[in-house]
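Asker: The task is simple: from the sequences and hints, build the whole structure.
So the protein lines, in turn, are chains V and C.
Just so you know, the first sequence maps onto residues 4 to 479 in our numbering.
Just so you know, the second sequence maps onto residues 4 to 479 in our numbering.
Do not take every clue at face value.
Since copy identity is lost for identical chains, a pair holds within one copy or between any two.
Straight-line Cα separation of at most 25 Å, PhoX-like style, residue types lysine-lysine; simulated pairs [stated by the list, open to error]:
no., residue 1, residue 2
1, 232, 207
2, 471, 319
3, 173, 439
4, 34, 386
5, 50, 39
6, 386, 439
7, 386, 446
8, 386, 178
9, 90, 118
By construction, these hints were calculated from the structure, which means they are not laboratory data.
Here is what each chain is made of, one letter per residue.
Protein chains: 2
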Amino acid sequence: MLKEFDYIFNPGSIAVIGASHTDGFTRSLTKTEKTKDNLFLVNPNHKELFGKRCYPSILDIEEEVDYVVIAVSALLIPQVLKDCIEKGVKAAHVFSSGFSETGMAERIKLEDELKEIVKGKIRLIGPNCLGIHCPKSGLSFNPEASTEEGPVGVVSQSGTFADLFLDIGKIRNIKFSKVISYGNGIDLDCPDFLEYLAEDDETKVIALYIEGIRNGERLKSALKKAASKKPVVALKGGVTEHGSRAAASHTGSLAGSPQIWRAFFEQAGVVQVESFDELVNTILAISCSPLPSGKGVSIITHSGGFSVLETDICVKAGLEVPQFGEKTLRKLKKLVPVAGTSIRNPLDAWPLYYRSSALRDTIKAIALDENIHSLVLHIDELKYWRQILAEELEDFVRKVLGFMIDACEYARDEIKKPVMICVSLETYSEDEEDRKCHLMVKKEFENRGFPVYPTLEGAIKTLLNLYKYRTRSLRT
Amino acid sequence: MLKEFDYIFNPGSIAVIGASHTDGFTRSLTKTEKTKDNLFLVNPNHKELFGKRCYPSILDIEEEVDYVVIAVSALLIPQVLKDCIEKGVKAAHVFSSGFSETGMAERIKLEDELKEIVKGKIRLIGPNCLGIHCPKSGLSFNPEASTEEGPVGVVSQSGTFADLFLDIGKIRNIKFSKVISYGNGIDLDCPDFLEYLAEDDETKVIALYIEGIRNGERLKSALKKAASKKPVVALKGGVTEHGSRAAASHTGSLAGSPQIWRAFFEQAGVVQVESFDELVNTILAISCSPLPSGKGVSIITHSGGFSVLETDICVKAGLEVPQFGEKTLRKLKKLVPVAGTSIRNPLDAWPLYYRSSALRDTIKAIALDENIHSLVLHIDELKYWRQILAEELEDFVRKVLGFMIDACEYARDEIKKPVMICVSLETYSEDEEDRKCHLMVKKEFENRGFPVYPTLEGAIKTLLNLYKYRTRSLRT
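Answerer: This is the structure in structure tokens:
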């Protein structure tokens, strides 16, 4: 099996059948040095694309071809697959839709025909999917995606979803080993890819998006295997009655009840999330952060006015905002100026920010507190700093940031407690200077490997998922 | 009572005691024509500020003063208040903190002293609050806030919260009649302001943020009165044990259990929300949208890949995504091209966007469907349009938008069904061209009075709140 996957993720040569100026495959594969010299384009309507020769048929190529991407009309796929088999291609990805997912009898029959054609002769990904993104080998369906390699493997039934993951990865500093969109999965299916990623050394965590399944036992065993080796975070689409109906129409698969799926994931040792945002947020932290050993959170903020709501967010999510221990309080009393601030948790000690070394020592003291199992730095008051500091803002922020990061690295690397960074920003804000400053802070923390969140809710929900994952690890 | 409030919201003359170059009051009040000629600045340390004379004491001003803002150290407040009373000032806002909220015995005593001083002699707002923003008269604490008048009245125990509401109002197209931050409320308290806004013709909806109360019966009667006249949406901070503790430290007030507060708001006919985001989102729609007469939602989108998750979001929130009626299906079959799309709900009919009048007629047909009580337009695929259309993007989007808005106005104004617009955008996205295009779409809808949401979750949760508010209205 692993050899077959090598042809898929690291093919010696690739052909795009139905290549064009606009499809994401041709655009991606002609762009990178990694693939462009081992790439063949096939389309009888073109002589050349992106300066490369275009062949009328796969059979006209003289060199060996390991892997093909097929992007032609559904009705042509049977013949194209037969040609690929004749040519000795090892694996084919069928991008085209128009099969069982339409619900139409003749299209279901067409899909059955594909199954028969490929059986034992060639491995198939799809149909109705985007296929493979693998930065190491240069394979991709998204020409705008980052080509940097990273720890996250994604298995997704939906192509939209896989594509969006790449777009958001660029924005949220998530880097991928492999992203797999498998669509109708008539040959290689979700469990095959999960088993592959479980063994893949380049993949440290796995994100799964699934709508329905064909073989529950096979999936559960693959999930169990994967989850025993690395964190697996799963989002099940179509958990509700109406959602299931939409899922059936979208990928032609059946879905179980929410209760069944919840038990299914729990038994497999998988962290189940409820939304795409939560999946992105959780994958981000679980790939770079230690796990919390308890529910106690300390929030360190610059503006006191939101302490109450911040605490509510934590406690509603199922975490705790305990008071600091006596030892910590003694240390903090020396560090935190009294007027207008409090040394309670959440810590809203704004004057500290004007005495950076005291801020660093405060964060370190909190990290050492036995009641506190994770730290959240909530940075949302840059506007006020700007009003006070004007042109000196950037220098000031960089200085404060240096001390903050120093303390956060101590908490994460020495004390092994997770540190989540929340850089609050209104999505629609057009205050470009403010955005620029927030994004600078975000990137500084990202560069040091911290997970950064645009909302406190997102950061807190993620912490809960890390805690759930840890208690799961202890149980199994 | 109303006459007293007139001195507060429309004072003939104003003084800032403790005026400076940096405080928000002086900066706001010297900025607008509405106030700057009836404004007096008081500070013995300055001769002049912003080109205006500075008086050593309120008693040195010869003209009458209706309303003062006091921003001096807590310990000086008793004497300053006595001076104001001697001067014949009608109402005073004490910005300064350092009273009962500190939990310190001598500061609680100081607050009691203020109560004694003002009783029957002058009306007091605060201490420990930002006071009043009233665009009509020009009063404000936030010099960056919009000076446009609008339908939303805000009563907030927390100053941070009131200030953020103004900032976010600018970004999210929410316009205010009055924003009131009342802090420790030792004279004029939350119920007084609620009763005032209930009667205020310029206020059409009321947003309330409260952490704790001093007189539950008084508050409930004020809420009932307000809610019988206009929608009241409330966020209770400190609903959890830990949150309550933070609330006590922040404004010196006590908080009840979450159950008590839930029953309290329900009995008063108030829509209770769970987060600041939800409050903003709900206020936005409830001030400009008809109410849904049932739970049926139709989502109209451009990308099919998320139909499943979109449906899940609705159903998890407690709404429904019913199938279209027979009559609608017949109409849609004529309008929607079949390949690659479906005429199910959610409607993911991307080819429609290239035939704008068909898109308009489709939205209108859905608006007429009896199963559908509200519409959500989910716009999240501008990136794809840009790839296809390049420089023609803006013209294309404006053309499609014209037809969309036409149909949405029909749904809202003729059929009286709420239409929510979701313009999805990643908060941290640095694709400036993409942001620009999304923001253009957002503003076009806002200009026609539609509520626009950055996330589908936000739009859906808001619809549920509108539905809850409507069923409440029917009950009472």
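Asker: If a hint holds in the structure, say so; if it doesn't, say that too.
Answerer: Evaluation of the provided hints:
For a Cα distance limit of 25 Å, the shortest separation of residue 232 from residue 207 inside one copy, 9 Å, qualifies, whereas the shortest one across copies, 58 Å, does not. Taking CA atoms no more than 25 Å apart as the test, residue 471 paired with residue 319 passes in both settings, with 15 Å inside one copy and 22 Å between copies. Taking CA atoms no more than 25 Å apart as the test, residue 173 paired with residue 439 passes in both settings, with 17 Å inside one copy and 19 Å between copies. Only between protomers do residue 34 and residue 386 lie at most 25 Å apart by alpha-carbon distance; the minimum there is 19 Å, versus 41 Å within a single protomer.
In this homomeric assembly, residue 50 and residue 39 come within 25 Å of each other (Cα to Cα) only inside a single copy, at 17 Å, whereas the closest approach across copies is 74 Å. Proximity of residue 386 to residue 439 under the C-alpha cut-off of 25 Å is found in both arrangements, the shortest distances being 11 Å within a copy and 22 Å between copies. In the homo-oligomer, the alpha carbons of residue 386 and residue 446 lie at most 25 Å apart both inside one protomer (18 Å) and across protomers (24 Å), since each shortest distance falls under that limit. When the C-alpha separation of residue 386 and residue 178 is checked against a cutoff of 25 Å, the pair qualifies only between copies, where the shortest distance is 21 Å, while the shortest distance within a copy is 31 Å.
Taking CA atoms no more than 25 Å apart as the test, residue 90 paired with residue 118 passes inside one copy only; the shortest distance there is 18 Å, against 92 Å between copies.
Every hint, counting from the list given before, is met by this structure.
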